[in-house]
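Participant: Now for the letters of each chain:
Number of protein chains: 2
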Amino acid sequence: MKINNLHAVILAGGSGTRFWPASRSNRPKQFLNLVGKESLFRQTIRRIASKVPAGNIWIVTNRRYQKEIKRQVTGFAGRPPKGGVRSSQILWEPQGKNTAPAIGWAASRIHARDPRAVMVILPSDHLIQNERAFLNALEKAVKLARANHLVTFGIVPTRAETGYGYLKTKKAGGILRVERFIEKPDLARAKRFAADKNYFWNSGMFVWKTETILEAFRKYLPLIYAARGDMLKAWPKLPAISIDYGILEKARNVAAVAADIGWSDLGSWESLSGILPKDRHGNSLKGNVTALDCRDILVWADKRLVAAIGVQDLVVIDTPDALLVCHKHRSQDVKKLVETLKKREARVC
Amino acid sequence: MKINNLHAVILAGGSGTRFWPASRSNRPKQFLNLVGKESLFRQTIRRIASKVPAGNIWIVTNRRYQKEIKRQVTGFAGRPPKGGVRSSQILWEPQGKNTAPAIGWAASRIHARDPRAVMVILPSDHLIQNERAFLNALEKAVKLARANHLVTFGIVPTRAETGYGYLKTKKAGGILRVERFIEKPDLARAKRFAADKNYFWNSGMFVWKTETILEAFRKYLPLIYAARGDMLKAWPKLPAISIDYGILEKARNVAAVAADIGWSDLGSWESLSGILPKDRHGNSLKGNVTALDCRDILVWADKRLVAAIGVQDLVVIDTPDALLVCHKHRSQDVKKLVETLKKREARVC
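Taken in sequence, the protein lines are chains A and B.
No gaps in the numbering here: position 144 of the first sequence is 144 in this note's numbering, and each next residue is one more.
No gaps in the numbering here: position 312 of the second sequence is 1312 in this note's numbering, and each next residue is one more.
Treat each hint with caution, since some may be false.
Partial list, computed: chain B residues near chain A (C-beta under 7 Å) [claimed, not checked]:
#, residue
1, 1090
2, 1305
3, 1310
4, 1323
5, 1345
Hints listed in this document are in silico derivations from the structure and should not be mistaken for laboratory results.
Small disclaimer: the values here were computed from a predicted structure and weren't measured.
Yeah, the Cβ is synthetic: ideal placement off N, Cα and C, and Gly gets one too.
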């Protein structure tokens, strides 16, 4: 069952180097098949497609991913969007400007088509393992949005994660009002938050009426609001600012829906490794891999045979032109490595 | 200065899987550039070429290495053998039969050409880092050989190695007589041997007159002796036996020359790693390799970029169609791995 007037905005402009060498500058994480048989981007579209007709799916992305987007939006079989997404529904950012300009652009385009529209903002590089729970939370969020709230999906914490932002909420009149946005906490605070049912992870997924968010842009980000007549022309001068920082931390009408949906932002090879199925030795092996006496390793083979002997806690990522061998607990340093490589090996970054 | 009547017999028929995936069934260890810029096989020929004219260099090898041998014996520049080795000096074994038949075959061929010949037997898959010391030991060995001894090169042990065979010697009349051949000892015995100046490693290098060794064949391996008229025809029925076991352990005229020549049999990636130059973190990196916080790793990159982060004691061997990632102390298990692979992945073995 589709939800009336609902539009989906898929944010697919993000760059990132944490999944190098599988990800490259022209093919970041959202376009990779990290979990399951489709890219996170395609999973994001497929997930929302039961609630939103193809004509209401919007994609905001960067020009440099044009080739990849073209390849990925076509060919959806069975479920909508059957014919893919029309090119008028793809907004090509000339440069990355964080989430606020992207959302402002999409909001004004959607509002022009449907002044009663409700929009759901979906990052395309996260994993959601429980689709049913996600769609239930979405239904709740839409109801709150229709009552003029800016709604965030508050992910129920499953551990004391220091890598995420948190929402502090307070229940009032049956609604979870967001009192505060908290940046990545230290471990002691993260532990406190994880044990307190008023705290949630900030997932970056939002629902609101275009009318409500445009009013918030007018109030808190007037430069972006004023640019909506010709966003492309104004783009270079727009501030690069997140919707969280630019609007949500200031607005008084922010509400949350609690979402226990198997969410992960997949921030590194290690975090992916925590999600993937494993054999009885804790190994996740993809492709033509032979492991002899190995424990807790993640191997992604491409076309070649990969053989591993007597190693543990390793990540081995094999691609046609670059190979990564990394200690699992050091996979956050892939980003650092790629920064170094970019200077002299740009062709493989 | 060449040594009169000296012939060199290069044993190049050995197979082996310990250097997989760099080595393959049609390109075993002796043909790889493991240390330095030339293969061990070419280094073996080049090393002896100052003492033996090209016409006196004989190669005993397996038919299946024909292509590799052709490529490797030609094109020696500067030093002899200038024009390579004549094809009549290459003896093609129809099957591997260990060292005794190979040496018997070479001995009878050389003896037919020069009844006063002295021959030096040189395995082509070992490393000798001190060429000068080797040539000095050779001169001594030739002298002993002319006095009717079967001479072995006794390598002065540098550690309590349990992977090698040992010679027990006794000095008598200025000569190191070999009293006993000892198979790979346990650690306690190896320690004792390494501390005792009468014990040496058995290098598999030998020097003797063709006349002396043929007489020994007649006495101890009459089947091989009898076959010398048509070795190729007799080959399938010859026993596969080593010269050590078949003759040297039985003969009474075995002598040794002590050789402190920087010898290694390069038995595994780990032992190669012990030989190669290292950076200040103990890493040996060949090819386009970036290592971040790594210690004591050996990386052989081929054409691709290899990046390593936060790992230690690893061996990473990158080839176009197969990749090995192995704990350094487990590199003896490469052999086991390849046995398994042969059953289902013969094309990469």
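Participant: Confirm or reject each hint.
Facilitator: Hints versus structure:
Contact between residue 1090 of chain B and chain A, as hinted, is not supported at the beta carbon level, the nearest pair being about 33 Å apart and thus beyond 7 Å. Against a cut-off of 7 Å between C-beta atoms, the interface hint on residue 1305 of chain B holds, since the closest Cβ of chain A lies about 4 Å away. The closest approach between the C-beta of residue 1310 of chain B and any C-beta of chain A is roughly 3 Å, which is under the 7 Å cut-off, so the hint is satisfied. Checking residue 1323 of chain B against chain A: minimum C-beta separation of about 5 Å stays under 7 Å; hint holds.
This hint holds: residue 1345 of chain B has a C-beta 6 Å from the nearest C-beta of chain A, less than the 7 Å allowed.
Hint 1 from the earlier list is the only one contradicted by this structure; the remaining hints agree with it.
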